[in-house]
Amino acid sequence: MDFGKIGGDNIAYRGKYGKNNGKNLLYCRTCGKRFAATRNSPLFGAHLSPDQVFQIVRHAAEGVSVRASARLLGISKAAVNLVILKAGDHCQKVFRALMSSFQLTEVQLDELRTFVKKTAADEKELEQGFGEAWIWTAIDTPTRLIVNFKVGRHYLVDVDAREMIQKVHRSLAGDKPLFVSDELQHCASVLEEEFSHEEPIPRTGKRGRPARPKTVIDDDLIYDTVKKTRNKGHIVKVERSVVFGTETGFQERLVDPPSNTINTAYVERSNPAWRLWDVHLTRKPVTFAKARKWLEA
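So that you can map any letter, position 121 of the sequence shown is 1265 in the numbering used here, and since no number is skipped, the others follow by simple counting.
Note that these hints are calculated values from the structure, not bench results.
Mixed in with the good hints there might be a few duds.
List of simulated lysine to aspartate or glutamate pairs, DMTMM-like, C-alpha gap at most 20 Å [stated by the list, open to error]:
no.	residue 1	residue 2
1	K1311	E1269
2	K1177	D1195
3	K1437	E1276
4	K1261	E1276
All of these numbers come straight from a predicted model, not from anything done at the bench.
Kindly generate the complete structure, drawing on both the sequences and the hints.
Here is the structure:
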């Protein structure tokens, strides 16, 4: 009954355990169970010192490879892999617990293309999670906060886009933000599904079945797109359009955000930073993700 409560008095200090009694043991007064203070954290069961765990996490955040971290710390690659995966899983749990009830003004959506193990994969390898992968991201423009992300597959674009935008919708509180993305059509269809309602059609009194309710997009939904035309890798034309909403509503939303026009510059500027920080996302890399869990971590 006390699980998940913060600030309760059911948790008490029990003593020490482990080698040289260097780890704290806690006690639950409600259920009577004892557990480690590091339970459900990257430190639990790592058989490494806290300093070594922290250094591994710092190395991973700076883009240091697993082999390099193992050589620098004098430990095995398996130990480094275990700590990184545990830290990534812990970060996702913290992210899901804290990232909610946002008051956002402008959200930019984009997708980052990478691969797992190999770029070209057959049907069996695709089922195993290999091949091209898309990382869907949504950031808050004023703060550069990553509102949500989703590691998906290139042949499940509509499914992954729907899941990512649904999570963004659940994390919102208050008015809807301004949404901006590139011309990928899946964003428009999912936003239409998420931010719409059904209105019943009045009955005419005539014979036959009544008409089905019609789907109406919310009036306060503003969604704009940016279409870029490239020639030999260089942008030669930029087209901006308002998909949902009005131009007047778009201009009203630009009072608080740093943007003064329709653009995806902030999320696209974040993409090279993420490729720099995570070696698995670099283009034509020597080190690449050999499993999807490495991208999710």
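Hints, one by one, checked against the model:
{"no.": "1", "hint": "K1311 x E1269", "in the structure": "violated (28 Å)"}
{"no.": "2", "hint": "K1177 x D1195", "in the structure": "violated (28 Å)"}
{"no.": "3", "hint": "K1437 x E1276", "in the structure": "holds (14 Å)"}
{"no.": "4", "hint": "K1261 x E1276", "in the structure": "holds (9 Å)"}
In the structure shown, a violation is registered for the earlier hints numbered 1 and 2, in ascending order.
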